[in-house]
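Student: Sequence:
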Amino acid sequence: MKSILKYYTSQNIKILKKILILSFFIFFSCSSNEIQNQLNLQEMEIQLEKGEFPKTTSILVSQKGKMVYEKYFGDGRLGLLNDTRSVTKSITSIVVGKMIQDGNISGVEDKISTYLNSEVIINDSIKANIQIKDLLTMSSSFLANDSDDLSPGNEDNMHKQDDWLKWIINLPVKQNYLRDESGFGPFRYATINAVLMGNVIEKAVAQPVDKYIINALLNPLGIDNYEFQYSPMKEVMAGGGLRLRSRDLLKIGELVQNKGIFETVSIIT
Numbered sequence: 001m002k003s004i005l006k007y008y009t010s011q012n013i014k015i016l017k018k019i020l021i022l023s024f025f026i027f028f029s030c031s032s033n034e035i036q037n038q039l040n041l042q043e044m045e046i047q048l049e050k051g052e053f054p055k056t057t058s059i060l061v062s063q064k065g066k067m068v069y070e071k072y073f074g075d076g077r078l079g080l081l082n083d084t085r086s087v088t089k090s091i092t093s094i095v096v097g098k099m100i101q102d103g104n105i106s107g108v109e110d111k112i113s114t115y116l117n118s119e120v121i122i123n124d125s126i127k128a129n130i131q132i133k134d135l136l137t138m139s140s141s142f143l144a145n146d147s148d149d150l151s152p153g154n155e156d157n158m159h160k161q162d163d164w165l166k167w168i169i170n171l172p173v174k175q176n177y178l179r180d181e182s183g184f185g186p187f188r189y190a191t192i193n194a195v196l197m198g199n200v201i202e203k204a205v206a207q208p209v210d211k212y213i214i215n216a217l218l219n220p221l222g223i224d225n226y227e228f229q230y231s232p233m234k235e236v237m238a239g240g241g242l243r244l245r246s247r248d249l250l251k252i253g254e255l256v257q258n259k260g261i262f263e264t265v266s267i268i269t
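Using UniProt numbering, the letters of the sequence shown correspond one by one to residues 1 to 269.
What the hints contain is simulated information worked out from the structure, not anything from laboratory work.
Backbone N, C-alpha and C define an ideal beta-carbon position, used for all residues, glycine too.
Be careful, since some hints might not be right.
Said to hold, decoys possible - Label-pair restraints from in silico Cβ distances:
no. : residue 1 : residue 2 : range
1   : 258       : 76        : 21 to 27 Å
2   : 103       : 221       : 18 to 24 Å
3   : 150       : 68        : 45 to 51 Å
4   : 157       : 70        : 37 to 43 Å
5   : 221       : 126       : 37 to 43 Å
6   : 126       : 46        : 51 to 57 Å
7   : 148       : 222       : 39 to 45 Å
8   : 80        : 123       : 42 to 48 Å
9   : 41        : 102       : 39 to 45 Å
10  : 258       : 183       : 27 to 33 Å
11  : 46        : 117       : 55 to 61 Å
With these hints in hand, go ahead and build the complete structure from the sequences.
Tutor: Right, here's the structure in full:
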């Protein structure tokens, strides 16, 4: 998967944000009639037909757990598995909450060296102090930045490797890395953080991260159609590329909106 920033200009990124909002799920805490008033669906459809939001495959609107609008556009259809791209990172983050709930990890301040039995990590004082929250918030000490083509840890460089984990843990780190008063380092968007988080998950739960996501999240939501992406060595891509149907993306959105509850069942507390 190529970096999004490689494909889009700054103007197109603004359009992409609109596409993501419209394509996945929109929630309102008002009546169905009020939804029609607040969102002029007919005008929106006209704009879509004119190509205002290119590559939009679907728009689903849910109110209080009930579908009030569902329409597919372009190549979109009910059973299409959409490439969620970096939404996959959010799904990886969700199951970290499940790990805390089940006692697989103590919390997001756990050091990754606790779970990754790697001398490269343990013997480097900076890498040994990387915490789970650093990976989740894109603020680790690794010299990785997906918006910088010259960055050693740029995602495009990762896809040239056979062994992603070995390559990631051997990346250089920022030598003068410092945390701010809130306990976080500088933000740099980098997919390698999510990929490394996937490896931490595997060690903590003693099963492949795709299997854990399926068992901990997808199955409880009734999601049975999906596709994960893998490295040449079959490492799970925890930072992008998970393919899901639009209705199933909506389920995940509802789960988050309802603070871990789906259809009265608590999935993650």
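Student: Provide an ascending list of the numbers of those earlier hints which the structure does not satisfy.
Tutor: The structure conflicts with no hint, since it agrees with every one listed earlier.
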